[in-house]
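There are 2 protein chains.
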Amino acid sequence: MKRTELFENICRKGSFLCVGLDTDLKKIPEHLLKEEDPIFAFNKAIIDATAPYTIAYKPNLAFYESAGAAGWISLEKTVKYLRENYPDQFIIADAKRGDIGNTAGLYARSFFEHLDVDALTVAPYMGEDSVTPFLGYDGKWVILLALTSNPGSQDFQMIEDKHGHRVFEDVIKKSSHWGSPVNMMYVVGATRGEMFKDIRAVAPRSFLLVPGVGAQGGSLEEVVKYGIIDECGLIVNSSRGIIYASKGDDFAEAAGREAAKLAAQMKELLTQHNII
Amino acid sequence: MKRTELFENICRKGSFLCVGLDTDLKKIPEHLLKEEDPIFAFNKAIIDATAPYTIAYKPNLAFYESAGAAGWISLEKTVKYLRENYPDQFIIADAKRGDIGNTAGLYARSFFEHLDVDALTVAPYMGEDSVTPFLGYDGKWVILLALTSNPGSQDFQMIEDKHGHRVFEDVIKKSSHWGSPVNMMYVVGATRGEMFKDIRAVAPRSFLLVPGVGAQGGSLEEVVKYGIIDECGLIVNSSRGIIYASKGDDFAEAAGREAAKLAAQMKELLTQHNII
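Protein sequences, first through last, are from chains A and B. Mapping of the first sequence onto my numbering: position 12 corresponds to residue 12, and the numbering continues sequentially without gaps. Mapping of the second sequence onto my numbering: position 41 corresponds to residue 41, and the numbering continues sequentially without gaps.
In this list, chains with the same sequence are indistinguishable; a pair is considered to hold if it fits within one copy or across any two.
Taking lysine-lysine pairs in the DSS-like style, the calculated list, with each CA pair at most 30 Å apart, reads:
| # | residue 1 | residue 2 |
| --- | --- | --- |
| 1 | K162 | K174 |
| 2 | K140 | K26 |
| 3 | K261 | K225 |
| 4 | K34 | K80 |
| 5 | K27 | K77 |
| 6 | K197 | K174 |
FYI, nobody ran anything at the bench for these hints, they're computed from the structure.
From just these sequences and the hints, can you work out the full model?
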């Protein structure tokens, strides 16, 4: 999906919400376990209930891989279901891959050709040749980890280099020469909204994928206050707060309700900032 | 596998060779393509031919994931074949995973319980809580990326912090408080042997997984000169140089020959250093 189309979808729906499909067999309602593919059955119901309020879905690969080959099948079915029924949704494989050039090329084949998602999260540690193989696909995106939302983000991402820049800033600055705001985004955690000021100083036009709103404690208002740009430039993800809103028979309905709430807040913020 | 057992295997075989199972459908001999599972057929033949000379195998996940669910099945069969027929081999899933705590826990479940490998390569960018969930398994290992062998390793791993330490040194030093030399190793590329001096200054007792010997240009003698310790402390990987030594019907035989050559060099070096 191209940047213009992504922005059009945001405007049309008044939402920049991404639902994280972190689907865990141990957390889905019990009555689904008798289905042939419980993971897919859960995802399908969640997608149907939340799609009116979202512009993106983000399956996290760990949740699928934890079931081995069977998990990959559930993932493939989920992506296919989205493609066939909700072609306006931006699909992000949250895989945080990163390997040397020829291997990165294989991951690109895996995610952009075989699975056919729109974007893949990539870890920057191995540098340029671990990232560029993903950039040669028209309408496909790399979403590079910059500043994550977990406690461990303090360990290496915040190291200050000898010029006074932090490693996450070095990652954004250096990688901006490899890709551009039409094929590269950054993961920036929402745990401290004011950090978005520093991010916008080095990535003024890029879309940012923002996890950490909700379960991890980030505030949507803060993220928007410091992070929004003319073309929105934000995709805010919520996983557990939406997909596990209820453990009962009404799980999908409850997920839809939570997604609608967030989308309503987003619409108001987009209006306040004269974007819609 | 525990460290003592790994070292015993190295001594008994006079080898610290790991064969990288970077099995690519586009590179395996054509006659295998008519097999029901060509990837597994290739791996099985390579393993049978090289096992006398190796102490470890390292399937790189990218090569399996590029075929989606089918690739995972080939991987599962390969690991099972090794476990059943060569229980003294150390199995490394080269996956370079790294995600927030609860997700890392799922990857641990995937690789250490479902797939049941001995070790997993992990990317350090997301810090402590992305690494520690892998450390709670008896006899299982994290192999943390420190200094990789690709050109992009210069981009972020070599950033000098304000105290004059490079990021890869910070990674080793900080992570040494999370694990210990009995459950954590480091990936250190072989492209410049003298770097092993700097690595040993911060990781005196750790095992190092060393890619980059062979196809990527590293020298075994240099690696051993600067990297070897009393308990060997090295696992040297070769992938393409061994598994694609011949494209003909004799591919397995040729792989065995290349592995035997490297193992013979290793035996000599282990003897020179009074380890065997």
